[in-house]
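K.L.:
Please build the complete structure, drawing on both the sequences and the hints.
Top to bottom, those sequences are chains C and B. Residues in the first sequence are numbered consecutively from 1, following this note's numbering. Residues in the second sequence are numbered consecutively from 1001, following this note's numbering.
All clues stand as given, with none of them false.
For the chain C half of the interface with chain B, some residues (derived, Cβ under 10 Å), not all of them: (1) V18; (2) L27; (3) G33; (4) V67.
The set of hints was computed from the structure by calculation and includes no laboratory data. Each residue gets a CB set at the ideal place from its N, CA and C atoms; glycine is no exception.
So you can see what is in the structure, the chains are spelled out below.
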Amino acid sequence: MTDDKTPAQPALLPPVDVIEDAGGITLYADMPGVSRERLSVHVDGDTLVIEGDMGLEIPQDLQATHVEVSLPRYRRVFALSKELDAQRLSAELKQGVLKLRLQKAEQAKSRRIEIKVN
Amino acid sequence: MEHSLFPRDMFAELDRLQRQMQQAFEFSPSIRGFARGGFPALNVAGTADSAEIYAFAPGLDPQSIHVQLERGVLSISGVRTNGLPAPDTGASVHLQERFAGRFHRVVTLSDDLDPDQVRANYRDGVLHISIGRKESAKPRRINVN
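P.N.:
Here is the structure:
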């Protein structure tokens, strides 16, 4: 958990895929270099925050000649909608890919609406 | 400075500006391009004893990554699938930003590297390749008698 009073450090925006099906939302985020211990996923009200720090083994006296990834951390914030049940959130991290599953609350699952024809 | 054909497209303008800036600042790009923004993202660095390449390629099976070093040219290639649902499953894709498909990136390295001293490690989605420098190319202190 991060303290809201401390200013957020500059971070990379991880690319994500977001897929919705009848039961909920699945989110995949690319966070290469982040291990399970350095990953933080939390829900604060209706905000989902994904954060992670890279733990790369970097030799001493390293001189960079070409840099495309210039910051050692990721952060991305999403606004959740009310029909998602934040209590039933599952997270899985595999080879730098975070997979989050957010279930929809039972009453919010889509129902087929009967149309009466008189 | 020429203008685009349809100057109302702000994103195209920004893209063009960015490319112009890149050309202005990277004064001698390699003939192989070394374009930014490809997959995997690469960081290249060196020490006195080795060249260190970090490829940010999450979600791959390490066995499926092809790494080849030939005459100072390192190439990294493979395929990445994103696991998105088939279009007929009724699921909707709201955001699709992650890379999917074949990738191939090439880095031109200095020619003092020893192809027999290569180590490649894949951890947490980062491929780290370390290539030692040839003994004959390392700086050495010359004794003065």
